[in-house]
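Novice: Residue-level listing of the chains:
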Amino acid sequence: MAGKKTGRDTDSIIKTRILSLFMNFILLLFSLSCIFPLVWMFYSSLKEKRVFNADIMGLPKNPSFRNYIDILTNSDYHIFESVLNSFRTTVISVFLIVLFGFIIGYILARIKFPGNRLLYVIFLMGMLIPIHSLLVPIYVVFTRTGLGNQWFTLIMPYMAFGFPIAIFLVEGYVKGIPVALEEAAAIDGSSFSRTLFSIILPMCRPILTTVAIIQTFSCWNEFSFALVLIKDPRLQTVPLAMTQFTGQFSSDYTKIMAAMLITMAPIVIFYFVFSKQIIQGMVAGAVKG
Amino acid sequence: MLSSIRPKNRVIFAYLILPIVLYVFAVFIPLVTAGFYSLFEWKGGPNKTFIGFENYVTLMKDSVFWKSFSHNIYLVIACIIGQIGLAFIFVLMINSRLVKLKGIHRTFGFFPSTVSAVAIGFIWTMVFDYKRGILNWFLDLIGKHDAIKVWLNESGLVMLLISLPLIWQFIGYYMVIILSAISSVDKEIFEVAEIDGANGFQRAIYIVLPLIKNTLLVCVTLCVAGNMKAFDHIFVMTAGGPGNASMVMALYGYKISFAQQNMGYGSAISIGIFITSLLVIGGSQLLVKLLSKDKGGDN
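Line by line, the protein sequences are chains C and G.
Going by the working numbering, the first sequence opens with residue 10, and the numbers climb by one from there.
Going by the working numbering, the second sequence opens with residue 125, and the numbers climb by one from there.
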């Protein structure tokens with residue numbers, strides 16, 4: 010096409026150029042919109058309240074980390090605690106989801122016992138059950154049993170809600186592993202548990218990574234169950250703490266943004282360092298689920 | 125599997141019992157509990173009175189509940205069109221040879237879907253804020269002072285406004301899912317079409333769309349399930365207001381139970397959410413199964 014120089018071709022070249030410009034523009038606009046809020050929050054958080062209120066979009070003239078210092082030195086805000094709480098809850102929940110998801114998924118895929126399929130269906134139902142309808146009743150159950158408002162409270166529902174997808178993914182994955190492997194291990198005298206953890210577990214690493222990635226984000230970002238189950242401000246997770254900022258900082262927006270960024274930092278860094286693996290994992294999980 | 129390497133039932137039981145107990149405790153016990161308390165008049169205190177199905181009669185006539193339900197459906201439809209539709213168009217653009225920075229679009233576009241809905245809600249509250257909002261700043265910039273308003277207080281507009289962050293947040297997510305589906309399609313098909321002279325639009329409708337139909341249906345299922353449970357953004361942005369103009373089911377159940385301490389009726393609403401969501405999600409899955417089977421028949 011580029012070689013010939015007839016009028017029709019120049020015409021189509023111009024058309025292609027316009028189209029290319031248009032498409033690049035639209036996509037850039039979208040990509041920037043995804044990242045701009047973060048950038049805007051960052052440079053705004055370096056401004057003083059007065060400066061921000063006068064001009065919300067302008068860059069800071071005298072950037073300072075004063076908002077950050079104010080927030081981090083005042084223990085009434087429980088900012089650092091909330092990051093720690095989220096971190097603990099997420100790490101423990103994800104570890105246990107991966108561990109039990111692996112064990113249950115493997116057993117359901119490989120071992121025949123009465124009720125195997127029933128159990129599979131019950132766990133799978135968890136993916137269909139609208140769990141948000143449990144918001145109120147889970148509060149009632151946890152409060153009645155005294156399990157609400159503890160440091161470990163959120164780990165329980167997060168695990169339970171994480172099981173279905175984990176079990177589903179592992180079960181499907183294990184079915185693709187040849188049984189001969191376990192048979193050979195058994196003939197060599199390896200016990201069930203040893204085969205499970207030293208032979209099957211390493212083989213399942215890709216799917217377990219997928220499970221871990223999906224669950225890390227869903228545990229870290231979970232809000233509604235934390236809202237009803239946690240009352241003590243010292244036990245708040247990050248999303249819960251975020252809803253308090255507006256009140257705590259009495260609409261001092263630059264401070265709110267600084268607090269937001271502090272609490273968002275771990276997951277944002279995690280995302281941009283591992284974005285390729287994260288995107289892959291999330292997509293693999295979504296499509297198979 | 126060889127029967128000799130099958131572990132004893134004892135071992136299986138030991139491995140399974142803990143997670144099963146936890147799962148039942150966190151998922152099924154609350155459901156049963158909600159069913160039980162929904163039969164009582166109970167304000168959260170020590171006293172409750174058995175009233176049979178009266179809460180459900182109230183629920184059937186509760187216009188706020190059904191309005192909330194219709195808002196959930198509104199969000200589902202808005203997100204199917206907005207998220208999957210835009211994601212599909214963006215994918216077509218990204219796949220074109222003319223577009224640069226494909227990796228950046230993937231990484232940046234996907235980013236919002238990994239951020240907590242609370243943060244997203246806050247960011248969009250700042251967009252719509254009256255004095256310090258980006259939208260009003262922009263309107264001021266282009267000189268449209270009359271258009272400036274307290275956006276989230278407009279009951280006619282509020283549903284549209286709160287669906288924007290929901291749509292925006294997950295476009296990149298669906299974009300990446302569809303991209304990965306297309307990348308598994310043989311590139312030759314596109315080249316052949318190009319030689320045959322199909323233009324971009326024709327290629328999109330007649331070649332790309334049928335090939336990734338099943339992936340699109342998966343996206344629809346995700347979209348339905350995701351928006352039936354809408355709560356976080358709306359809690360942050362409007363808390364269901366003004367009035368009940370942006371109320372959704374989960375938020376209504378929360379308000380009745382915690383703000384009004386009406387746990388009996390709150391439990392009935394929970395059961396109502398459970399049944400309606402199950403019907404919508406189950407119904408949409410059935411439809412999806414039918415549609416994807418349809419395709420199998422054609423081949």
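Any given hint could be a false lead.
[Claimed, not checked] If we take Cβ atoms under 10 Å as the criterion, some of the chain C residues that face chain G in the derived model are:
no., residue
1, Phe31
2, Met32
3, Asp64
4, Leu68
5, Pro69
6, Ser73
7, Ile78
8, Leu81
9, Val92
10, Leu93
11, Gly155
12, Asn158
13, Trp160
14, Asn230
By construction, these hints were calculated from the structure, which means they are not laboratory data.
It should be emphasised that the depicted structure is a prediction, and the values quoted were computed from it without experimental measurement.
Idealized CB from N, CA, C, for every residue including glycine.
Novice: Against this structure, judge whether each hint is valid.
Specialist: Right, here's what the structure says about each hint:
For Phe31 of chain C, the shortest C-beta to C-beta distance to chain G is roughly 9 Å, which falls under 10 Å, so the interface hint holds. Here the hint on Met32 of chain C is kept, as its CB sits about 4 Å from the closest CB of chain G, short of 10 Å. Taking 10 Å as the C-beta cut-off, the interface hint given for Asp64 of chain C holds, the closest approach to chain G being about 9 Å. Hint status for Leu68 of chain C: violated, given a least beta-carbon distance of 14 Å to chain G, over 10 Å.
Annotation: interface hint on Pro69 of chain C violated; nearest CB of chain G at approximately 15 Å, more than 10 Å. For Ser73 of chain C, the interface hint is violated, the least distance from its beta-carbon to any beta-carbon of chain G being 20 Å, above 10 Å. A distance limit of 10 Å between C-beta atoms decides the matter here; for Ile78 of chain C the minimum to chain G is near 22 Å, and the interface restraint is violated. Interface hint at Leu81 of chain C: violated, since its Cβ lies 19 Å from the closest Cβ of chain G, which is beyond the 10 Å cut-off.
Here the hint on Val92 of chain C is broken, as its CB sits about 13 Å from the closest CB of chain G, past 10 Å. Because the closest C-beta pair between Leu93 of chain C and chain G is about 16 Å apart, greater than 10 Å, the hint is violated. Interface restraint check: Gly155 of chain C against chain G, minimum CB-CB distance 13 Å, threshold 10 Å, status violated. The restraint placing Asn158 of chain C at the interface with chain G is violated, with a minimum CB-CB distance near 14 Å, outside the 10 Å limit.
Checking Trp160 of chain C against chain G by beta carbon gives a least distance of about 17 Å; that is not within 10 Å, so the hint is violated. Hint status for Asn230 of chain C relative to chain G: holds, with the closest Cβ pair at about 4 Å, below 10 Å.
Of the numbered hints listed earlier, those contradicted by the structure are 4, 5, 6, 7, 8, 9, 10, 11, 12 and 13.
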